[in-house]
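Participant: Sequence:
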Amino acid sequence: MFDLTLLQQNLRQKSPECELKYNEPLSMHTSFRIGGSAEVMAFPKTKDQLAEILKLSKVLDCNCAILGAGTNVLAPDEGVSGIVICLKDCMDGMEMLENDRIRVMAGVTMTRAAVFAANKGLSGLEFAHGIPGTVGGGVYMNAGAYGGEICQVCESVEILDRQGNLRQLSAAQMAFSYRHSILEETGDIVISAIFKLTPQPVAQIRARMKELMEKRSASQPLDLPSAGSAFKRPAKGYAAALIDEAGLKGFQIGGAAISTKHAGFAVNLGNASAEDVRMLLQQVSDIVFEKTGIRLEPEVRIW
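Residue numbers are given in this note's numbering: position 263 of the sequence shown equals residue 263, and the series is strictly consecutive.
Take the hints with a grain of salt, since some may be wrong.
Only pairs whose alpha carbons sit at most 30 Å apart, straight line, appear in this in silico BS3-like list of lysine-lysine [said to hold, decoys possible]:
# : residue 1 : residue 2
1 : LYS55     : LYS14
2 : LYS45     : LYS236
3 : LYS14     : LYS45
Across the chosen pairs, the derived CB separations fall in these ranges [claimed, not checked]:
# : residue 1 : residue 2 : range
4 : TYR22     : ASP286    : 33 to 41 Å
5 : GLY293    : GLY121    : 43 to 51 Å
6 : LYS210    : GLU275    : 36 to 44 Å
7 : GLU297    : PRO199    : 20 to 28 Å
Hint data in this document are derived by calculation from the structure and do not stem from the laboratory. Using N, Cα and C, we set each Cβ at its ideal position, and we do this for glycine too.
Let's have the full structure, built from the sequences with the hints guiding it.
Facilitator: Here it is, written out as structure tokens:
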């Protein structure tokens, strides 16, 4: 148990503008609408505030978790001890750079970044328009959809390590692969990313974005809380098809179920617990493995 009073005193002295909330329900900050309370939730507005929190958490020996928009996270029913740092809408801002590049802060949503690029007549982020997470989370996991991935347009990333040190990583240094970057091993935090895009008429970019949004609306259960694709794409086949072929559409445990609209989604029917979702994902993976020999791995980050 870390000294909460000491954290408050130090932050008040060194970063008085950093907002803190106590016993904050994680269900209010995750797209699953699931999760107990965070002992402390911090909302840093600048990289300096974030660095200060990281340094203090190390000195005070308390757990420190990073949360963006919470769109790919299953938070535990019992809550989280220590500090949860929420970056969505906090590390904010976008700017044009030379040579058809834009810099986007980690707390900006992928949708906002795509719209910003489109309004500047820059193509390459259309796939991200319907992804609900933040740029920080998208870079961290190399998010993608409809044939597009962050790694295709990311030129470099500004990161902050757990000691509060800033540095730049090139796209090659990020070691991007399917739904993965080197940050998953290092634990470093995305501060901003530079995207190299391609000039294109605004009308064409917006038409493509509209087309992809219509596809999402038609095929995905956007009316129910979920964390997007529940499973990673396996080496052979597609997760949704394998789940559907196994007869698991609508399969339910407690308040969690496989969507009847899209078998790749696990949804909260209204009263699901984290344990319901965890057991649902495990049983679906087991049943598909028994039937096909293919093991599905969760894309959802289970805290």
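Participant: Evaluate each hint against the coordinates.
Facilitator: Taking the hints in turn, this is what the structure says about them:
1. LYS55 - LYS14: 11 Å, holds
2. LYS45 - LYS236: Outside the cut-off at roughly 43 Å; violated.
3. LYS14 - LYS45: 14 Å, holds
4. TYR22 - ASP286: 33 to 41 Å: 39 Å, holds
5. GLY293 - GLY121: 43 to 51 Å: 48 Å, holds
6. LYS210 - GLU275: 36 to 44 Å: This hint holds: roughly 39 Å between Cβ atoms.
7. GLU297 - PRO199: 20 to 28 Å: At roughly 38 Å between Cβ atoms, PRO199 and GLU297 fall outside 20 to 28 Å, so the hint is violated.
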